[in-house]
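Protein chains in written order, with this note's numbering: chain A, 1 to 424; chain B, 1001 to 1272.
Some hints here could point you the wrong way.
[What the hints assert, rightly or not] If you want the footprint, here are the derived chain B segments under chain A, 3+ residues with CB under 8 Å:
#1 1026-1036
#2 1118-1132
#3 1155-1165
#4 1184-1192
#5 1251-1265
In case anyone wonders, no lab produced these hints; they're calculated from the structure.
All C-beta atoms, glycine included, are put in the ideal place defined by N, C-alpha and C.
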Amino acid sequence: MSLTLPTYPQPDGRGRFGRFGGRYVPETLIPALDELERAYAAAKVDPEYLNELDRLLRDFVGRPSGLYLAERLTAHAGGAKIYLKREDQNYTGAHKINNCLAQALLARRMGKQRVVAETGAGQHGVASATAAALLGLDCVVYMGAEDIRRQELNVFRMKLLGAEVRAVTSGTSTLKDATNEAIRDWVTNVRDTFYILGSVVGPHPYPAMVRDFQSVIGEEVKVQHQALEGRPVPDAIVACVGGGSNAIGIFAPFAYLPEGERPRLIGTEAAGEGVDSGRHAASVAGGRVGVLHGAMMYLLNDDEGQIVPPHSISAGLDYPGIGPEHCLYSETGVAEYVPVTDAQAMDALQLCTRLEGIIPALETAHALHHAVELARTMRPDQTVVVNLSGRGDKDVAEVMRLLSLPAGQSSTPGTLHARPEVQA
Amino acid sequence: MSVPTPTTATTPGAARLHAAFARAAQQGRAAFIPFMTAGYPTAEGFPAVADALLARADILEVGIPYSDPLGDGPTIQRASEQALGGGTSTRHTLRLVRDLRARHDTPIVIMTYVNPIYAVGPREFMRLAQEAGVDGLILPDLPPDQDLEIADLAAEHGIAVTFLIAPTSTPERVKLVAEACTGFLYAVSVTGVTGAREGSALGEVPAMLALARQYARVPVAVGFGVNDAQTAHQVAQVADGVVVGSAFINAVRNGQDVGALAASIADGCHKG
């Protein structure tokens, strides 16, 4: 792993990705964001910081994560080779830890002893609590009461790691409300608190900073794809998108390649019960431009500007917006964003589990569904890389519950699927 | 004590706001600026609450209820949720203000997060606000350097704008924000969200205001955490205006006499 963080042409000097992004926050936070921006700019070129981050990513997280040829999924799809970028192999089970360690190191450099974080599915909360434990920082995690119910095991993990988990009961009691509370805590305790933001959303410099920290995923793909296929750039890359951090992490190192050299980049949004149903979390397909949590982005909001509660089978995708850089990619055609429903994700989860012995997170299953569909349409000499953003341990109880529901009580298929057909 | 800085009002809204500060100052008071969430406790009940506040207000601040109010504490957030549940949001708020305007001369400012403005469309929003008789806008999640169009559009429609400074603001930020305000400058008394606090004290407020007055061409009001006559009185010693919000929401919720509380806090706004 090279001891530098990447530099990309976006955002501009004002923290904008085209018309997206910015800093729509209470004035109280502006000096803190300026301070963070300066601290990050300094850390980014400081060998001491980069060495420590590199050491932790290698020895603590277990990087590089594998790029694994999924032979049976490939055979099942009957087209392009499907590779899985194994972020599920990371310690704590998902890509989130890359960013949390980097931000927690930054917090320590800045002399902040207390960190706050928001979490939906709990993966970012667990990663934040882990980083805080490792570095000896106090940690408070805000989590929607509904998500606490869905992710009991992760809640206990965070507590075991020494974090305080605060239940959020305002609004829809999910990720967006947990984010509101984390920002409010930060506004109140801004002088001694660092906010570890979990995705490529929020006010500048978070979307750019989190992207840089997650870009390790795509940078590794270049090296690994070169070794496996004799060329650094795959033909297509698919990743699930809630806020969009795992997707940006694997997209960004390819997104600024000249057109023609760039792989197809495809983000899968949570379409819930369908984009037309009104119960989804597909911000590109079903949203319009607005401002939430400090940034302008595609957003589920009504014609009076009220945020429309999102729905997804996956707590981690249950967010009404999408990171500003994704918005720019979408607007300029650099990446495509496609909706994938709850039911399609559940099918893909079972497919991957049965064929590859890998239980993916419900978030990731959205990407897997589309990757299989896409691979079918491609040639066998082509490659599709799916960012396997996290493992499904956290979702097993919820999946069990959903699969045991009688058909008709849920949008989700109510039966365990028979062993999928594998084409010879 | 402080007297509002003589200004050249840039819009009719600004002129009306500045006149309200000047009248209060002539009477030896800081302007009393109560806040109420539009449509709270219900769309039908709101006008009576607003009337009770307007009986003593120098300026009334009406909040557009919003689903994700980042800068507000639990009291105002709950009020917003209740008002939204009752069907009040952006356009309805402006209709409620228009109805108040028909009965009252007191200047009215709208507090709104920026997303409702974008959703309605900045130009359309300003047109509706002007039509409703709105004098000013308070924009808690819009630092002035984020969007230069909104202030321009407001001015075009005769509406003044108010931005916020905080105890964390650097001198450079204070200068930038102060110079951008055309209605009044809103100084947040503490780091944090809106809401009554135990042991509210002036703390960093005097130093912040001294800095702000070097740059502001408009009166300076203080808010967040002011919830009774005593705190209002403290703030009035250093500020041109005192904003009180959550205390009135709590009073409505608890069935207390809002008019009596308004009278008490308004009396507290006397200087000296």
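The hints, checked one at a time:
1. Here the segment 1026-1036 of chain B counts 0 residues with a CB under 8 Å from a CB of chain A, which misses the bar of 3, and the coverage is violated.
2. Beta-carbon proximity to chain A at under 8 Å applies to 3 residues in the segment 1118-1132 of chain B; the threshold of 3 is reached and the given coverage holds.
3. As drawn, the segment 1155-1165 of chain B meets chain A at 3 residues by the rule of a beta-carbon pair under 8 Å; at three or more, the given contact holds.
4. Restraint check on the segment 1184-1192 of chain B versus chain A: 3 residues with Cβ-Cβ distances below 8 Å, three needed, restraint holds.
5. Proximity of the segment 1251-1265 of chain B to chain A, defined as three or more residues with a beta carbon under 8 Å from a beta carbon of that chain, is not established by the 0 residues found.
When held up to the earlier numbered hints, the structure conflicts with 1 and 5 and fits the remainder.
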